[in-house]
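Enquirer: Chains as they are written, first to last, in UniProt numbering: chain R, 1 to 340; chain B, 1 to 340; chain S, 1 to 340; chain X, 1 to 340.
Worth flagging that the hints you see were computed from the coordinates, not collected in a lab. Hints may be right or wrong, so weigh each one.
Said to hold, decoys possible - Listed next, the in silico DSSO-like pairs over lysine-lysine satisfying Cα-Cα at most 27 Å (straight line): (1) S/K15 x X/K15; (2) X/K153 x B/K312; (3) X/K153 x X/K270; (4) S/K299 x S/K274.
There are 4 protein chains.
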Amino acid sequence: MISFENDYSEGASEKILQRLIETNMEQLSGYGNDRYCESAKEKIRKACGCPEAEIYFLSGGTQTNRIVISSMLQPYEGVIAAQTGHVSSHEAGAIESSGHKVLTLPQHDGKIEPKELADYLNDFYGDGNHEHMVFPGMVYISHPTEYGTLYTKGELAELADICLEYHIPLYLDGARLGYALAADTDVTLKDVADYCDVFYIGGTKVGALCGEAVVFTKENVPAHFLTRIKQQGGLLAKGRLLGIQFDTLFTENLYLELGRHAMKCAEKLKAIFKEKKYPFYIDSPTNQIFVVLENEKMKELEKKVKFSFWEKADDTHTVVRFAVSWATQEEMIDELQELL
Amino acid sequence: MISFENDYSEGASEKILQRLIETNMEQLSGYGNDRYCESAKEKIRKACGCPEAEIYFLSGGTQTNRIVISSMLQPYEGVIAAQTGHVSSHEAGAIESSGHKVLTLPQHDGKIEPKELADYLNDFYGDGNHEHMVFPGMVYISHPTEYGTLYTKGELAELADICLEYHIPLYLDGARLGYALAADTDVTLKDVADYCDVFYIGGTKVGALCGEAVVFTKENVPAHFLTRIKQQGGLLAKGRLLGIQFDTLFTENLYLELGRHAMKCAEKLKAIFKEKKYPFYIDSPTNQIFVVLENEKMKELEKKVKFSFWEKADDTHTVVRFAVSWATQEEMIDELQELL
Amino acid sequence: MISFENDYSEGASEKILQRLIETNMEQLSGYGNDRYCESAKEKIRKACGCPEAEIYFLSGGTQTNRIVISSMLQPYEGVIAAQTGHVSSHEAGAIESSGHKVLTLPQHDGKIEPKELADYLNDFYGDGNHEHMVFPGMVYISHPTEYGTLYTKGELAELADICLEYHIPLYLDGARLGYALAADTDVTLKDVADYCDVFYIGGTKVGALCGEAVVFTKENVPAHFLTRIKQQGGLLAKGRLLGIQFDTLFTENLYLELGRHAMKCAEKLKAIFKEKKYPFYIDSPTNQIFVVLENEKMKELEKKVKFSFWEKADDTHTVVRFAVSWATQEEMIDELQELL
Amino acid sequence: MISFENDYSEGASEKILQRLIETNMEQLSGYGNDRYCESAKEKIRKACGCPEAEIYFLSGGTQTNRIVISSMLQPYEGVIAAQTGHVSSHEAGAIESSGHKVLTLPQHDGKIEPKELADYLNDFYGDGNHEHMVFPGMVYISHPTEYGTLYTKGELAELADICLEYHIPLYLDGARLGYALAADTDVTLKDVADYCDVFYIGGTKVGALCGEAVVFTKENVPAHFLTRIKQQGGLLAKGRLLGIQFDTLFTENLYLELGRHAMKCAEKLKAIFKEKKYPFYIDSPTNQIFVVLENEKMKELEKKVKFSFWEKADDTHTVVRFAVSWATQEEMIDELQELL
């Protein structure tokens, strides 16, 4: 059965596996102190146009969010996020487990609005009781969001300005950043590095077996960050596993290429839905496509293809998500076309 | 330069890489709900002689210790360990960071003594103030220990009896369990499963790229353990990465074979040290060899071979550690022999 | 300057001070193991009509909420509360600091609606991804709420039924319970004990120097609760300080009497506002009165009397709160009447 | 039955109760923002000879240790203490519960030795693996110690020098500081303020109903300390309760006077033990007296007087503790003399 269930159904880009084999018996230092980690960091710095960036490799998205956020917040601070933000709703309370509140703003197609952020911060400090409340200590956004939507360069700039004004970092969760960069957008990787104080480049969902690259852009890496990673259980003895993967992803534009492949698949699939008159739930410019299916049709389809339930639309219709990825094969889309 | 610095200098057993390639484009469910995880679990259950065992895969040792220990303790409980136990001294405070004290017992060649454990527990409950103290809620041992030493079957039985009496679980850290099982010992994997309430089978140091298999042997897996793993950042989206590796390690005895290879190397290396009259610091029966070097000799050696500083012996001598592993090549030992 | 700023502006009921003096030089055991704590517990059990109740004394509301909630939740669980609930908004992240998320429901005059609670729980378990989310592990309500409003007996019964169905405790924050019990309501202390699994009787805001009495009603006190209190810094060496106060509060109905005095003051003050045509912001039946003032009038008043800013109503009006209490003197109200 | 069980058996100094009554109906702001807190702080600053000191009032010793230590440590840091330190052994894991390890040094009559502290710190930074370990972030001492012993001025100076060298604060737990200051010692309150970065003046055990005054001496109060106190449940709504007590304790030398009374009682009691040839377990210069009793004698005494079991001396003898305090009445000592 073909699957459009998510963007982590397959293993890794063939090139990554190839490099793992080639380097396998080299004896390397542990914990990320190896030449592949170094090389990967250097390539990422270049790709970001940020020579002073400090980079760490972690294993997965929730781990990264937990470690980055808890390391950058003071105990009396929380992180601001959209109500639908991953940290807010789908990380099993990882942030709270580290001692910090997620302070939620309304979501607009998965995004937060600069104006609402500014108001929140202004209201907080205007509240005479704010010393009895959780201080806003960071802003978390994801790009793409949970709905596959993207911030514009203008929006990022506005958010960054507000954060600067309140002296709090802007953190971008780039679990699917590769798809954002390959989409029709005015936001480049360099922009991300410019506007954000810290962000991560997602590997797991964009061609790696596992791994996310955290990029601190403003000489702002928390003191003893390696020790913090270790303490929270995020330090791999064989740091090479992450270094080699990111070194490969950032060699000859592989990361962007993988993103572009997915975007091509997304365009093709969207065209099919459009042609077949399936209504879209949201205009999502990246690799996640949200459509409304009649329940009958949904049940029929489910026998032959995997996709994700999103939410009930009405009594006879359901919103579902089809995800394409770096690994999607054109024949799968053709097969799906037959079934629709 | 050849390295005997540790047992995680190389990548993974070739067979593991082979399987990763073969399965790479299969579309599998995430978070460990795939057929390879299932198959690996079934094989481990068999190898343990424990059909009711419940098994989870995690990425590394500190992560595993943190998640297992914090999930099995109540907030008012701590974990008992040797002063030199990994959780006590070399995990950057991971256990404390999760809210729990490590209660230390003296170490004897890296091990705790059943008698001292029994006394500790007896004294605790005999202390009229014990409600103002941290309750002992678990016993942590490692096998092999930090010094490469092993518990005997009799010692494990004694520790298990004491834990049973006090209704606290016995937890065995098997980061290097493969080397323990292949050593000259009366403790089998089945014994470990019999005596311990929970233990983990180390992959990272015994042939895997990453990964540890946690085995709950007494139908005692903590409620919603998957959610707890997610919360602490230990859940990989591509759970297959761990499932495929452990499925391979437990196919055709690969795990034991890798251990035996290391033991053969260790025997060979020990014979060389013996022959060359280097004094041993401790009689370590597994893959870590501790010898005392003259400082002059040490400095000379360091130019050509990597090994670990352990501690100062006296003003002119140093204790150092040579580690062999599943990946050690016979020629490396020959080369080292030349240099000694 | 007279103050209606809050209900903790004065010290304690004269009778409490009297008892502190009378018992001062008695040598008593520490940590709550004294005869006054015992006597207070027994009187509270009787007042609650709950002979099996287990009772602990703590120092303040946030401390109580933090200790009770964190002791009754599993690490993977959060507590459900109204968005305006004290734990959600005005405890500086105490609950999150203990590792748990506050899961918010909409507030209706400060209360949560049984129907919305039931839907939330039903939706949670219906969500295929719920293992990646925070489990609802407890329901928190306050009575009176932040707006001084009260649950009806019928509402409490409904909430209790839902909690029972999902096997989660219902917890009632009674920081101002004395005022609730003395108000025009069908909810008695016995009802609170019947419907709630745990609740606290507020002392600080109802006549004590400090102190809250936590009542576990269903033989459900968390294991080693004393140790948990100690661990979180809530155990007073001189437990007598709390025992003597609650013993006094529950002697000859003092607690209820103090509440009734405040209710009488509240009625008098409300009548004055009504007569003077000040619009009420909310119909609040307990000791907090919310009225809308013209900004001019507000500024004038502020020179002579203290009250609390609540929120802006519109550009020329403000919602403010006047609080009366066990300590309010009739002359203060007369004086305020002059100024209005 | 008379009791020498501890120094918190009675209520409070009569003068404190008197002041509570006199101020009872004054309407004061909450959370420590009242004139009595201000006045108490000013008097303490003077008594410490430290005009820039910042002072906060908390309710008890464990609460104070937990809040101060967790607020001054970074997440990757632990606190160094003697193995017998209160934070290490008798606070139910409060420090670990806040996420931090207690790093223990050997105790010498309850004290740590400057030389051993210096070695520990030197060894830590000399260890190539220290990034995988808990960083020493603070030094905790108590004065008097658990054994009633005192640091000399010279020892405090040495400890302070070492802390300065490593840029970590020296924290002194003064739960019984009043008895230390009144003892035969070269350490004054001003010395404590000079050498320590933070310390607390114990009220609970020296004449108050409850309360400890935390003194930050080097303009080093952690950011938003009030919010941290609130978050950990340590903020009393009626801060006046603590302010009035400390204001009284630091009026006309009451604090010192209470200490001196206890010292006089201690001298008298020690003389009796000496005369009656009871061997002392340790030469304890403050209000705790440790003697060795024959088990027969102990059992006989226990019928008429309360004291504390400390530890078994041998099969026929036991070490016990007699504590005197600000509240000890001369007749009690006379009565005890009869019984010895």
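Enquirer: If a hint holds in the structure, say so; if it doesn't, say that too.
Expert: Hint-by-hint comparison with the structure:
At roughly 18 Å between alpha-carbon atoms, S/K15 and X/K15 fall within 27 Å of each other, so this suggested pair holds. The hinted pair formed by X/K153 and B/K312 fails the criterion: a straight-line CA distance of about 35 Å is larger than 27 Å. Among the hinted pairs, X/K153 with X/K270 is consistent with the structure: their alpha-carbon atoms are about 25 Å apart, no more than 27 Å. Between S/K299 and S/K274 the alpha-carbon distance is near 20 Å, which keeps this suggested pair within the 27 Å criterion.
The structure fails to meet hint 2 from the earlier list, while all remaining hints are met.
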